[in-house]
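Q: Both chains are given apart, each in its own frame, so use the hints to dock them into the complex.
So the protein lines, in turn, are chains D and A.
Counting from 0, one number per residue, gives the positions in the first sequence under numbering that gives the first Met the number 0.
Counting from 0, one number per residue, gives the positions in the second sequence under numbering that gives the first Met the number 0.
Just so you know, the hints here were simulated from the structure itself, not pulled from any lab data.
C-beta atoms are modelled at their ideal positions from N, C-alpha and C, and glycine is treated no differently.
Treat the hints with care, since some could be wrong.
[As the list claims (entries may be wrong)] Quick partial rundown of chain D residues pointing at chain A, CB under 8 Å, derived from the structure:
hint, residue
1, T37
2, V84
3, I93
4, G119
5, D139
6, G143
7, T343
8, T410
[As the list claims (entries may be wrong)] With a Cα cut of at most 20 Å, we get these calculated EDC-like pairs of lysine to aspartate or glutamate:
hint, chain 1, residue 1, chain 2, residue 2
9, D, K190, A, E95
10, D, K70, D, E27
11, D, K328, D, D139
12, D, K195, A, E59
13, D, K165, D, E277
14, D, K357, D, D345
15, D, K421, D, D139
16, D, K190, A, E59
17, D, K406, D, E285
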Amino acid sequence: MTKHLLLSGAFGLGLMASALPAAAQSCEIPVGSVLSITGSMAAIGKAIGDAGQLAVDQFNEAGGVAGCNVKYILRDDQGSPNVGVDAAKTLVEIEKAPVILGAIQSGVTMPILTSVSVPGKVVQISCCSSAPTFTQLARDGGTGGYWFRTLPTDRPQGVVMANIAKTKGYKKIAVIHVNSDYGVSLARSFKAAFEKVGGTVSSVTPYNQEQASYRAEVNAAMQGDPDSLFLIAFPADGATALREWISFGGSQNLLLSNSLRADEFVKSVGAQYLTKAEGIDNAQTEGPSVDAFNKAWAAKFGSAPNGPGLHTMYDAAAVALLAMEKAGKPDGTAIRDNIRAITTGDGEVIFPGPDGFKKAKELIKAGKPIRYEGATGPISFDQFGDVTGPYLIWGVGNDGKLTVVDKWDKTRVADAIAEIDK
Amino acid sequence: MSGYLAYLVFFLIVALTYSIVVMGLNLQWGYTGLFNAGVVGFFAIGAYGTAILTGPDRPELIGGFALPFPAGVVGGMILAALAALLVGLATLRLREEYLAISTFGIAISIQLIGLNFDALTGGAQGLTGIPRPLFSTFGTPGAYNLFYLCLVGTITAIVFAALQVALQSPWGRLLKAIREDETAAASLGKNPALVRLQAFVLGSTLMGLAGGLYVGFIGYVSPLDFLPLLTFQIWAMLIVGGSGNNRGAIVGAVGVWALWTMSGFAISRLLPVHYQSQGGAIQVIIIGLLIVLTLLFRPRGLIGEAQSVSRHAR
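Excised from the complex, chain A in its bound form (with noise of 0.2 Å):
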């Protein structure tokens, strides 16, 4: 394969990933209007719960079961909802901005469990020589990739075309009913209380599905991948694409990651040699600069959510 459609592959593998976790979000969001801001703790969960499921057993560690890849990614799932039903049970009742900064407090406690239970994650030094699936069944790296980008590819098409059905359901209205108007959907006899918990939990577990995506393609975790900044990146994903729209959750995903690596490849071919180091301030001002932009010319996102009372209606 050429250099530009090996790193497209490559690229585009790191950018579907990240799209699920802004679908993810989206429904918590865009859906349901919960604030969560701490996108990046579920997110580290499923990573952490894939590596360690998935990884191969040292005598300094609690874990690895090496366990088969979909096994791993399910356990990691499985782990990211159960932490969510806790969260969303302790903290739902609170409202938009208590909400945001309970989740982030906790996103950050996820991250320092990480950073120091070292008997289970590893610690600062994080876990290695995490098998990635099907690894030699391929001979190049290249094909590899090629297939791991049909995998994350099939899985991202098929989270889209559940929660596109999910959504247009009439627990997907009740939804929108929620988060437009509590008081209106629970007079009609709706338990507002119990849906916000499920698009919760059924949100961060799709953050948990990449996470063990994430960590089946680089085959090492540790907490530096898990600073608040990545939450930060998923909601800019999620809003520059079209907060309410899956298809703007997924453009969102790959046009700002593409924003935000591009920026720097485009950087390093453009400015002199000597002028390198000065290089990554300029990045951190165009990334932002373009995302404000994007925003001021269409502040619903590149897909914004259509208006509509009913699929049936007009």
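Isolated chain D (complex conformation) (with noise of 0.2 Å):
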């Protein structure tokens, strides 16, 4: 039986011994990932793994970092935060890693945030976790700053509907959103801006998908005499709660999310009706940068990027890896204190691509400033941690055509954002 057990034991050691070797090469920085390579996300796990290695490669390319080639060393989270904290703390600890990208779910994210990166004073910018609770926790002051991600949240969209609204002179909005995590959080962020410009919100009602009849959710709204509405639904049931606010005689003073950008919405509720109306949507990034990533991808895969978080990954490995090469070592903090160099400023510009971080690395050698323009396009994080894209802003014409009415590119948006935070 004792046989069984040190036979085991040793295959063990065995794992561990051959493991060894790999780490006593000179001069390497370690960058660690941690995605869903199995699991629930594990169709685009695998893909977003391969933009962060992209960057990497393209870096090693251009002569490594702080003049050292990086490794990317990418671990499973197996879709389990106590796999993916696991596999984090391994990253920092084992592997000095001063950077940690990643994870996928924010529900992964988080706790290696709390629990690995902000007590290990380790940069952690992620790819694809979008949930609010993120700039919640780094206004309250725990994340200590290194906390980053470079998928924009729902936050800039209710700034700006909120800067609409006070430009359009209404003085007291009501708002109707669908109970899910997307409703709920960019009605309460829109809440929080609105007043913040010195608005008032009359209510905010929640309305469960696919009812008949939003008649109660309607009346509620109703109360406190508001002169305007901001609807935050999908096209059907938005379509459903409209009709009866307007044939309640609510004001036609409305604002739209952009889930109701949609042809289908506007003919079911009449386009009459909707001539004052303004809507939002996200505007899709553009320009020569993205265009470099989108060429480096497809001649590395043979296939054009198509899928969530690739963009959104390779910026993230990006700007750590540029923020490294600026503060000139593989340290947490000075990476942190870094990124923002990096990407604001009137520093000459640096697009994707082994040419580019060339080029970055020169100017920074020579003291110059620089400023990224990624694979999303400009990217500026604000003072919690998070980037903002552009939006557009729609409206109906008479004929019920959806139109552009105006564009917020991302230093607008960045801007209206610092105004509230002030």
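A: What follows is the structure, given as structure tokens:
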């Protein structure tokens, strides 16, 4: 019996021993990544891992970071927080990675952040976790500034809509929203922003999806005599609710969420009621820096980079490595302090790709400022580590066609957010 | 602290927390023969209970009572015990597979309540900013983790010692008697239903205790922490370690959790960089393979149940 125990013990030791030589190479900087390669997110996890690998490979081609080669260490979280946290802990303590990229699901990302990254003073950049709780934690001071993400949250949308409501002169607005993750957080961030710019939210009313009528919800929203309505809904339910709102004599001063930008919504409400309405939507990121990534991806993997998280993961890795180069050493705190230095300011613009990174290295060496424009376009982090995206404002013409009324690029969005945070 | 040591401390905190859950399951399955397939549900109640009782007050949440950590953990245990009492009264008349199916369903229901009862549990976004006990007293995370390991280790030792005493008492022998032959135990004037309920509630309370310790260490809780997979992991720990033996339960918890985590580490070291995205699949295969091999060579687990009539008779 003991023999078996000994055998399995010896097997375990053998595994460990044969693992050791890999660590003994000279001057390698580890960059850790925790993603769902198996488990419920496996379908998208592998490609996201490849996007991180692409950025690291391009850096190594450009001559590495801080004088060393970069070693990309990808660990699987199996879609479970306990496995993900453990993987992150080995990356930080044993591999000595100063940066962790990931994870995908917020429920995995958050415990890694609170129990590994922040106490270990390691920068964590997520490609894919959009939960507003991270912003909340950062506001409470729980992230120590070590948290960043390259995926826009709902918050900028709320801020932009609050600005539009203010410019339009709305004083007292009612909010009706779909009772989901998305609806709740957008309503919350809109309310906070609108109150900050001096408006009043008369009521916030959630509704459950796929009901025949929303009379009760509409009635509740009408209390307090609002002069306008912000409707956060999906097209079919949104049309039902809005028809009832209008037939009860509700104001036609309407703000609409991104999910309502659909012809079927306009048709079933009636275009004549929507001429004063304005809505928001994510604008497509475009530009030469985005093309540079798309081309590099196609050249390496033979397909277009279609899939969630690829562009944002690439940028997460690139931002981390550029900040490390700027800091000159693989140290979490130094990287944290340099991330904004390489994404804001009037420095020379750096695009994705080995040539871009080579140029960045030369400029940094010469002590000149750089500004990274990545696979998601120009990128800048606010004080809570969140990024913004470009947005468009849409309206409805007299003929019932959807039109684009206005465009908010990232700088304008960032300015609006800075104004709110002041 | 050097890297490996710091990691080892971290690893042991999690593994010993699980060992408390495994001892709870061992009381239910190993000694009393109750097939609880809803382990994660009671773990979740303890975790959420502690998080709600100790968490900071937030305007959008019902909870956030900011109680001291020990009160939170005890509160979580009481909640887990009450839940187990309700579940036990409703289901313990069921036998083996029926009990398994109903407890499995209950665990999933509990997870879904966590996901949907936003005002209490924070819904899918979970509860953040749960204070870690005495965190500010310790300067470095390494020192803090060492403290927490001592805390968890002490609690594990107390649970182990208390269970050993209880299981060697007449009550402990009664559990085994009911497991082996319920009719025979009843014919001796014992009340099997009551004793089964006691074992079920006590085991589930231990799971709740572990949930509270887990939350105190991680500082965050979300429904993703309580997927049915965790129940499977706990069962694997008990079966590999040796059901019917608390030493086996602890060895199984540490051993299986080491296998689960170190296999990923070993793979990331051994695989060439460009095959890393295949590593996850290999890891899952290795975990399964090693568990199967253990059971082939040691069908009663690493440390199985000692065969005895009574410790007084040879």
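Q: Flag every earlier hint the structure violates by its number, smallest first.
A: 6, 7, 8, 9 and 11
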